[in-house]
Amino acid sequence: MARYQAMFERLEAANQGAFVPFVMVGDPDLETSLEIINALIDGGADALELGIPFSDPVADGPTIQKAALRALEHNAKPSDCLNLIARVREQHPDIPIGLLLYSNLVLAPGIDQFYARAAEAGVDSVLIADVPLKEAARFQEQARSHGIQQILIAPPNASEATLEKIGAQSEGYTYLLGRAGVTGTETAATMPAKDLVENLQRFNAAPPILGFGISKPEQVKDAIQAGAAGAIAGSATVKLIEQHLGDKATMLGELTAFVRSMKTATQM
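If you read the sequence shown in our numbering, its first letter stands for residue 2, the second for the next number, and so on.
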């Protein structure tokens, strides 16, 4: 059974939603990054969404942009990031691991080679932030050939025709945008209309997980009550790394406590 499917079945049996933190691999450096990821898992993360540093992150706000720059300043290459993910997979064989990145990182090594290497590292899913739905097919084909699920984005203003296409093509989970714009906690997510979630379900889309603007436990609770299968917090998680760069022990403790508080809010 695919790890996402197993996760959703486990959570449904426990009457819980999913909480998924995002961090940039290699931020602030590779060895600390591994400790950070383990701190997130210790806090109760149901799955991981991981970024690979890129110089032009057009969908990311300032907090995640700075995380990418910190990683790049420490010379974190994509191959280094995948090697680190392989270490995470070795330690945590069951947790779903997704990549959230940009198309240049997939195209530069070649699409087939990228997915082959990601599969070898133990990656379950890939979301390419700058690839629109109409261009997703060629990436999906290669992803499937390597046993990876390609994640699709459902924008808050998606038409019924778009939702129907997402329903036909989605795998793993559906990344439901809480609002338009770039990542960041400066603007809070708007809870998805119940109709939007119901339409995704009507078209048999993969379970929707709400992202963008999620930073507080009450937002996680609201998202799940609105019908989402879970929530993703990126900038709020990365901000804790930024705030404690000079004190790793405090950083790791704060990250574990943050995930624990967000996970507690997933209980339905």
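Careful, some of the hints might be misleading.
Stated by the list, open to error - Taking lysine-lysine and the BS3-like style, the derived pairs with C-alpha atoms no more than 25 angstroms apart in a straight line are:
(1) 222 / 78
(2) 135 / 166
(3) 222 / 249
(4) 67 / 217
(5) 195 / 217
(6) 78 / 67
(7) 166 / 195
(8) 195 / 78
(9) 222 / 240
(10) 217 / 249
(11) 240 / 217
(12) 67 / 249
(13) 195 / 67
Hint data in this document are derived by calculation from the structure and do not stem from the laboratory.
Consistency of the hints with the structure:
no. : hint      : verdict
1   : 222 / 78  : 36 angstroms, violated
2   : 135 / 166 : 9 angstroms, holds
3   : 222 / 249 : 29 angstroms, violated
4   : 67 / 217  : 21 angstroms, holds
5   : 195 / 217 : 20 angstroms, holds
6   : 78 / 67   : 16 angstroms, holds
7   : 166 / 195 : 19 angstroms, holds
8   : 195 / 78  : 41 angstroms, violated
9   : 222 / 240 : 21 angstroms, holds
10  : 217 / 249 : 23 angstroms, holds
11  : 240 / 217 : 13 angstroms, holds
12  : 67 / 249  : 18 angstroms, holds
13  : 195 / 67  : 34 angstroms, violated
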